[in-house]
Amino acid sequence: MPDEMQRALIQRGGETGGCRPLGACMSELDTQVVGILGTGDFSRSLARRLVASGYQVVVGSRTPKRSVALFPEEAEVTSQLEAASQADIVFVAIFPEHHSTLLELKPALAGKILVDVSNGLQIKQGGPSYAEQLAGMFPESFIVKGFNTISAWVLQTGPRDGSRQVFLCSDSSKAKSSVLAMCHRMGFRPVDMGLLSSSVEIENLPFYLFPSWGTPILVSAILFIFFYLYNFVRDVLHPFVMAKKSVFYKMPIETVNVTLPSVALVMLALVYMPGLLAALLQLRRGTKYDRFPDWLAKWLVKRKQFGLCSFLCAAMHAIYSLCLPMRQSARFKLLNAAFKQVKEGVEDSWSDEGVWRMELYVSVGIIALGLLSLLAITSLPSVADNINWREFNFVQSTLGYCALSMATVHTLLFGWDRAFDPGQYRFLLPPTFLVVLILPVTVLMVRLIFLLPCIADQLRKIRRGWEKSRHIRFVLPSDNCYNGIDNISHV
Amino acid sequence: MPDEMQRALIQRGGETGGCRPLGACMSELDTQVVGILGTGDFSRSLARRLVASGYQVVVGSRTPKRSVALFPEEAEVTSQLEAASQADIVFVAIFPEHHSTLLELKPALAGKILVDVSNGLQIKQGGPSYAEQLAGMFPESFIVKGFNTISAWVLQTGPRDGSRQVFLCSDSSKAKSSVLAMCHRMGFRPVDMGLLSSSVEIENLPFYLFPSWGTPILVSAILFIFFYLYNFVRDVLHPFVMAKKSVFYKMPIETVNVTLPSVALVMLALVYMPGLLAALLQLRRGTKYDRFPDWLAKWLVKRKQFGLCSFLCAAMHAIYSLCLPMRQSARFKLLNAAFKQVKEGVEDSWSDEGVWRMELYVSVGIIALGLLSLLAITSLPSVADNINWREFNFVQSTLGYCALSMATVHTLLFGWDRAFDPGQYRFLLPPTFLVVLILPVTVLMVRLIFLLPCIADQLRKIRRGWEKSRHIRFVLPSDNCYNGIDNISHV
Amino acid sequence: MPDEMQRALIQRGGETGGCRPLGACMSELDTQVVGILGTGDFSRSLARRLVASGYQVVVGSRTPKRSVALFPEEAEVTSQLEAASQADIVFVAIFPEHHSTLLELKPALAGKILVDVSNGLQIKQGGPSYAEQLAGMFPESFIVKGFNTISAWVLQTGPRDGSRQVFLCSDSSKAKSSVLAMCHRMGFRPVDMGLLSSSVEIENLPFYLFPSWGTPILVSAILFIFFYLYNFVRDVLHPFVMAKKSVFYKMPIETVNVTLPSVALVMLALVYMPGLLAALLQLRRGTKYDRFPDWLAKWLVKRKQFGLCSFLCAAMHAIYSLCLPMRQSARFKLLNAAFKQVKEGVEDSWSDEGVWRMELYVSVGIIALGLLSLLAITSLPSVADNINWREFNFVQSTLGYCALSMATVHTLLFGWDRAFDPGQYRFLLPPTFLVVLILPVTVLMVRLIFLLPCIADQLRKIRRGWEKSRHIRFVLPSDNCYNGIDNISHV
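Protein chains in written order, with the numbering used here: chain W, 1 to 491; chain P, 1 to 491; chain Z, 1 to 491.
The hints are simulated quantities; they were obtained by calculation from the structure and are not laboratory data.
Here the structure is a predicted model, which is why all the values come from computation and not from measurement.
Simulated DEER-style distance windows between Cβ atoms:
{"no.": "1", "chain 1": "P", "residue 1": "Glu74", "chain 2": "W", "residue 2": "Ser212", "range": "19 to 29 Å"}
{"no.": "2", "chain 1": "Z", "residue 1": "Thr215", "chain 2": "W", "residue 2": "Met242", "range": "57 to 67 Å"}
{"no.": "3", "chain 1": "Z", "residue 1": "Arg460", "chain 2": "W", "residue 2": "Ile222", "range": "34 to 44 Å"}
Pulled from the structure, derived: some chain W residues nowhere near chain P, Cβ distances all over 10 Å:
{"no.": "4", "residue": "Ser45"}
{"no.": "5", "residue": "Gln56"}
{"no.": "6", "residue": "Leu81"}
{"no.": "7", "residue": "Leu205"}
{"no.": "8", "residue": "Phe224"}
{"no.": "9", "residue": "Phe240"}
{"no.": "10", "residue": "Ile438"}
{"no.": "11", "residue": "Thr442"}
List time: in silico PhoX-like cross-link candidates among lysine-lysine, alpha-carbon distance up to 20 Å:
{"no.": "12", "chain 1": "Z", "residue 1": "Lys245", "chain 2": "Z", "residue 2": "Lys340"}
{"no.": "13", "chain 1": "Z", "residue 1": "Lys245", "chain 2": "Z", "residue 2": "Lys333"}
{"no.": "14", "chain 1": "P", "residue 1": "Lys340", "chain 2": "Z", "residue 2": "Lys343"}
{"no.": "15", "chain 1": "P", "residue 1": "Lys340", "chain 2": "Z", "residue 2": "Lys333"}
{"no.": "16", "chain 1": "W", "residue 1": "Lys343", "chain 2": "P", "residue 2": "Lys343"}
{"no.": "17", "chain 1": "P", "residue 1": "Lys343", "chain 2": "W", "residue 2": "Lys340"}
{"no.": "18", "chain 1": "P", "residue 1": "Lys340", "chain 2": "W", "residue 2": "Lys340"}
{"no.": "19", "chain 1": "P", "residue 1": "Lys333", "chain 2": "W", "residue 2": "Lys333"}
{"no.": "20", "chain 1": "Z", "residue 1": "Lys343", "chain 2": "W", "residue 2": "Lys343"}
Glycine included, every Cβ here is placed at the ideal spot set by N, Cα and C.
All chains, full assembly: derive it from the sequences and hints.
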């Protein structure tokens, strides 16, 4: 990264650009002087990393003699004033409550780049960020917010574990460029977050815990509890109440194994529902430019997480199913069946219908799982980065609808004719698979309706910018497909 | 990214470099002015993204009063001329058919950077690209092709879903640098594609649908159909014709499960065959500098895709196999066998040979699958990026040949002595495993022959640049290994 | 990447910056001239790649007439002196033993950037690197080390297979910036390794073969052998010696399947042990600033590899377990059990305890495997890059301890009451699960003790920089949590 290049220019811009000839300027740039104010844990780790990256480090301490032992030998430990004067980029690594103690350094820090690495104690909703407060104190310095998401541990060991992303923002893009380059040189991956007003966001970053996963996991959990109770009542409680038959041993595996595919299929339907709702809304409004309601917009951006939850449930369902025959209970049942068959003298207990039903639904289920696995692999960031929009669309829309159809067929085959067997309506509750199928079948039907030429054409027109109310304005070349792909399933 | 830095200089280069002092120049750079010509869907999404990234946006519309409502408040909507005059970088977001309507802006656009985002309707084989046509119209502007692979949806939601790669090309590297920096700031990952002549390629990009996967998937499909029919005839049709025994229930699972490993093993052999063919060719020609025939070169670069198809088949084979004992058919067979055993009074039906055969081939099969999984994981872009060439070579060549050997042994153990059992030659067709083994055994044999010292030495010499016909020219230090690694299995 | 920008300035810095006006400078920069000294395999591939990336290439050969046929048409092949004079960046692609032959070009190379791509024959422990030797010969040139990890094959085919990382170092950051930009333009991902003193490290890079995996794989292998022998003696040898019962058929699958989970659980405990040892050490020393002993520091950075080995064993254990019921041996045992049951007239062989034990331990085992899978997925570089430190900590520490607890419970449930059954102590050896549980139970107990308020508080104080011996110096605001996250489990 062209760090020194820039520094030369920034310095000139920042420090009223003395008349040093450019050549002279260049030659001394190889060792940039970086200052650190503060002697805490973060400062020490930072100093180590900067030294390792080839920077000349000056640490400003209120008690330099005592602090010197804490820092690597290559770093100079001196007074805060001295450090502020020598360095071009100064890290402010003291508690934000103590920022005001730096006010005496104001003249020395004028024209310098100050990097604010401070973090709060909890998520901040409003009010100025620490970086903005610092900017208020030092109007003549260039404030850059950043490095607060990096831990002292990562600084020490190098950016291997956890994220190597450093989020930066600043009102001065020159200052930001310098710090960006420095990040690259230290082995981090800087992410430009724009102006200093984003600093609240950056200061909140360390407090996030998978924010986009909250709703999908909650929905999965609710569905899981609902279907678990439903199956428990039908499969365990019913025989216990009706026939005094204790089959509570089914709770850890068999009941879970009927619950998991239910959650998986409903979640998969929930992946494709918001796209259809959005299309419905667009058709009704006759334009694509009106904003979607908030809940729909949020749902649309979380489809990937819904899909991955669905895949996780489907994969667990596969493992649970594969475990079924190795259990003691399966063994005992088989032995007892053999005993009964011998007692009754039935030479061949083969039932063609039972065999075909199972061969078919297992086979279709495996194919559905295979398709879902492809979708999951394509969701990995490094894979998603390497495919173009058309490919992404093909995988997520075409393959995704294939997986949904296959999973629906798998469930239908599993159900077979049991929907019409009154014995299956225990406690008047319909078989689980019937309840599960409502959503996916609806989604697939609506999708099919959208494939009807009249509706598909209308939708395509709208997606290309045509508007019912102001259609005079836009004249589209026939069958033109601006930007190549229409994201049918994604808006 | 040092965007402003560059703009300063570019502006000077482009706009005949007025005499503004450098310092003044710097201070105003923080808010770069970006123009957008066109008011379509893409323009609106682009404007939103640019505003969010801290740019000052000027939209040029033929009907600014009507269009103003469509754009974010922060963006200025004005006439096309006004927009072209104010901005330094101008996005041309109108249909390529209407590019000529911009000719009146020619003086205002002189010295500016024009970003052409247009896409065609289908793959273009020859002729000038839209960007090249635009460059012809505006010889005094700097044309950059790019952003055409990015959809309006991605621009709106930020680069989360799908690819964040922006492919750029331009004849002016200054202009390209500016747009590169802008991409970074917008959160995209620019990919420099060189000169403007690459713009045809970039305009074709959105039409590609996994181009490198075509052949491998086709070969897999053909192999699958061939082996499925072969197994169907042997395992389902033969008993039906010969003994009137209907075992059609085997079609969805058992026949598939014999077909999948056949495809997997043949595909794995096809991964290592082109490397051996290339080596043979080099040995025969006595040089490595002659080009390989086209089909071989294409095959060589698609080995990864062949390997992943093989892994997919192997993984499906594993799941199908694990499903076998939980099927109704397996249950019925077991019950009937138990009945028969009781009737015949056989106390212990144990067969040591049958047990050992299965324990061994299952065990070896699991190891082969484990090795293939390691190969597949190493193929993930983010993992492949983090290993050096020697490690990549070790995994793909050494571990790969181990996996091939293990899979071959797995098949041999599965076959056991059935190759010599005439009862297995139904309809005169040899058992499937014999047909499958031809290719992998050949590959392994040739590989072993290449390990013979005389051939290995010759090959090593050739790979280091020695040439049979002009060997005077090159004098190699003995046992020197230039560039550390010889890519034995990869060329 | 802003390559030309920089070159303008570098040239000025390096070549005493003649008086060409900046604008003129700019216009000619679009085609940078790159020289290559040497005509070997690497040179040819490099020339091809550079031409494809839009550079003007001049190859310096001692026999230009003979060599011209080897290079692409667009590249000029001339004398070494001519090439050195024309180019600004010169690749030195000749064997390091012959570097001295270039001394005659010294005047032509003064002020130029020399890129040394050479590699040694083995790992170098000390002494100057080839790049440092070159720097000694050409003190007036700017030496950049790099491209040595890239193979000729990757250069030819483009950076698709294997690593696209190019490690660079140089004492001149201007020169380094230029080469960095060039890397980007060629499609590689440059990694800045600092000063030229790192060149030894870079020259050693191609010889590394998964250096961080050595210890974890070795420990896994030793554990595997130990537990395999232990289980072999207990499960196979004991019945053979004591009852002359030959169950050697258990060796390929059943013995392996008891061994794998043992290795997996012990390895997982070894992931969390170093963190606890570090905490113990910090508590005893009363400070976090003393260095950990070397073995502990090395162990701490290898926890990820230990965890992945554990996951691999757990996944293989799952597959082996799922294979159990489909084996011939399981079938024969079942048939014989059915025979026995019929003979003895036992109508119902159901054993509630046996059923519950298995349902429970299988269920808990699946959950443990699910959690381990999440940990493994989070270890993928591209996923790890996209999560913040708190999320990483949550997954690796909270979920990790959950997985460890679940796996321990799985083993306890598997063991059930067999620890108290004297019949299980074959040859006086306790059941395997007892031996396996020692380490994980210890780790979990110590972890629980660390959760006691008095110890947790002390530890938290130390982790925030408090020191027993010098606590006067630091006054921490109560309950302040500098940098947001305390990395409890990771230091």
